[in-house]
Amino acid sequence: GQQLNQSPQSMFIQEGEDVSMNCTSSSIFNTWLWYKQDPGEGPVLLIALYKAGELTSNGRLTAQFGTTRKDSFLNISASIPSDVGIYFCAGRSSGTYKYIFGTGTRLKVLA
Amino acid sequence: DAMVIQNPRYQVTQFGKPVTLSCSQTLNHNVMYWYQQKSSQAPKLLFHYYDKDFNNEADTPDNFQSRRPNTSFCFLDIRSPGLGDAAMYLCATSSPDRGNGEQYFGPGTRLTVT
Numbered sequence: 046g047q048q049l050n051q052s053p054q055s056m057f058i059q060e061g062e063d064v065s066m067n068c069t070s071s072s073i074f075n076t077w078l079w080y081k082q083d084p085g086e087g088p089v090l091l092i093a094l095y096k097a098g099e100l101t102s103n104g105r106l107t108a109q110f111g112t113t114r115k116d117s118f119l120n121i122s123a124s125i126p127s128d129v130g131i132y133f134c135a136g137r138s139s140g141t142y143k144y145i146f147g148t149g150t151r152l153k154v155l156a
Numbered sequence: 002d003a004m005v006i007q008n009p010r011y012q013v014t015q016f017g018k019p020v021t022l023s024c025s026q027t028l029n030h031n032v033m034y035w036y037q038q039k040s041s042q043a044p045k046l047l048f049h050y051y052d053k054d055f056n057n058e059a060d061t062p063d064n065f066q067s068r069r070p071n072t073s074f075c076f077l078d079i080r081s082p083g084l085g086d087a088a089m090y091l092c093a094t095s096s097p098d099r100g101n102g103e104q105y106f107g108p109g110t111r112l113t114v115t
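Going down the list, the sequences are from chains A and B. With the first sequence counted from 1, adding 45 to any position gets you my numbering. With the second sequence counted from 1, adding 1 to any position gets you my numbering.
No lab work stands behind these hints, which were simulated from the structure alone. Keep in mind the model is a prediction, meaning the values are calculated, not measured. Backbone N, C-alpha and C define an ideal beta-carbon position, used for all residues, glycine too. Careful: at least some of the hints might be erroneous.
[Stated by the list, open to error] Pairs of lysine to aspartate or glutamate residues, derived as EDC-like cross-links and limited to a Cα-Cα distance of at most 16 Å, are as follows: (1) A:LYS143 with B:ASP54; (2) A:LYS81 with B:ASP86; (3) B:LYS45 with B:ASP60; (4) B:LYS18 with B:ASP86; (5) A:LYS153 with A:GLU99; (6) A:LYS143 with B:ASP86.
[Claimed, not checked] Stretch by stretch, here's where chain B covers chain A in the computed footprint (C-beta under 8 Å, at least three residues): (7) 104 to 112; (8) 116 to 128; (9) 131 to 142.
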């Protein structure tokens with residue numbers, strides 16, 4: 046099935062550093078979601094975005110709905126060891142109840 | 002707290018032996034989804050229900066069936082599990098019609114096929 050391009054695929058960072066990742070699509074979306082998944086668990090919803098240009102924060106996390114409606118960005122500030130995991134973006138177009146997922150960004154934080 | 006619940010968390014079945022995975026939700030969402038996830042890949046949508054309307058993905062094998070007896074419960078039936086069906090199965094819910102596009106996942110059921 047269709048997948049979104051998510052980058053980077055993986056990254057190692059030092060504790061305290063900021064992290065950026067993004068998702069791009071060939072389709073226009075009206076909803077972007079960002080998830081974090083720990084091993085053996087289901088994805089946990091971090092942030093939901095509904096409008097082009099929207100910037101939303103959740104603690105140290107900030108996500109943006111791209112102005113073209115074909116991309117989205119997630120930033121994590123001052124990373125800590127518990128930020129380790131896989132981050133997925135997901136987008137939904139109008140007229141459908143299905144969400145298209147990104148390929149995931151695996152984050153590893155070095156203490 | 003409102004949530005999505007999956008039982009069991011771990012399921013072991015034998016090759017060819019039917020198995021049923023369960024999902025329930027207290028969010029009162031009208032859409033329920035079943036995903037298959039392997040090896041930290043992105044979740045792969047198998048099918049979803051909009052209320053009682055069943056929507057199958059074109060590439061979902063016939064071996065996979067689903068039932069939704071009411072708003073709260075949804076079941077995934079694997080009629081004859083093969084070794085390739087070993088995976089994490091994720092249930093999720095949403096209610097986009099309410100103007101809220103959030104989709105919430107359960108903790109997943111890890112299926113092992115022996």
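Hints and how they fare:
no. : hint                  : in the structure
1   : A:LYS143 with B:ASP54 : holds, 14 Å
2   : A:LYS81 with B:ASP86  : violated, 24 Å
3   : B:LYS45 with B:ASP60  : holds, 10 Å
4   : B:LYS18 with B:ASP86  : holds, 12 Å
5   : A:LYS153 with A:GLU99 : violated, 28 Å
6   : A:LYS143 with B:ASP86 : violated, 22 Å
7   : 104 to 112            : violated (count 0)
8   : 116 to 128            : violated (count 0)
9   : 131 to 142            : holds (count 5)
Checked against the numbered hints listed earlier, the structure breaks hints 2, 5, 6, 7 and 8; every other hint is satisfied.
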